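If you use the working numbering, the sequence shown corresponds to residues 1 to 107, in order.
Since the hints were made in silico from the structure, they are not lab data. The structure presented is a predicted model; accordingly, all values stated were derived computationally and were not measured. Heads up, a few of these hints could be off.
Here are the simulated DMTMM-like pairs of lysine to aspartate or glutamate, each with C-alpha atoms no more than 25 Å apart in a straight line [unchecked claim]:
#1 K24 to E7
#2 K71 to D82
#3 K3 to D15
#4 K24 to E52
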Amino acid sequence: MLKPRHERFCRQFVDCMNATAAAKAAGYRPASARNAGYRLLRQPQIIRRIIELQHETAATHCRDANVLLGKLETIYRRAVDDRQLAAAARAVELQARLSGLAPRISL
1 MLKPRHERFC
11 RQFVDCMNAT
21 AAAKAAGYRP
31 ASARNAGYRL
41 LRQPQIIRRI
51 IELQHETAAT
61 HCRDANVLLG
71 KLETIYRRAV
81 DDRQLAAAAR
91 AVELQARLSG
101 LAPRISL
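My request is simple: use the sequences and hints to build the entire structure.
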């Protein structure tokens, strides 16, 4: 079990991927945050907790993406049934982007 400040560091690090910023947010003095972040990232129990939190975050994002893909599929089917081909094509485009199959193109 981690100390509360170490847990805060791990959670902040997963959010920002910056050891100094995570240390400051966890309550370390700004003057020592850089060294604290460096030192904490060398501790095996800190690394294990960060990996656990990253896996939890990935699982949540995966579930959220699947929910959105399901909603887009419903929109696609209704659009096809109503012969709204532009809406159907847009739903397919958004599904591809969400799945990582189509890059976002900016003009």
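Evaluation of the provided hints:
Distance check on the hinted pair: K24 and E7 sit about 13 Å apart at the alpha-carbon level, within 25 Å; holds. This hinted pair checks out: K71 and D82 have alpha carbons roughly 17 Å apart, not beyond 25 Å. For the hint pairing K3 with D15, the CA-to-CA distance comes to about 19 Å; that is within 25 Å, so the pair holds. A hinted pair counts as satisfied when its Cα atoms are at most 25 Å apart, and K24 with E52 qualifies at roughly 21 Å.
In terms of the numbered hints stated before, the structure departs from none.
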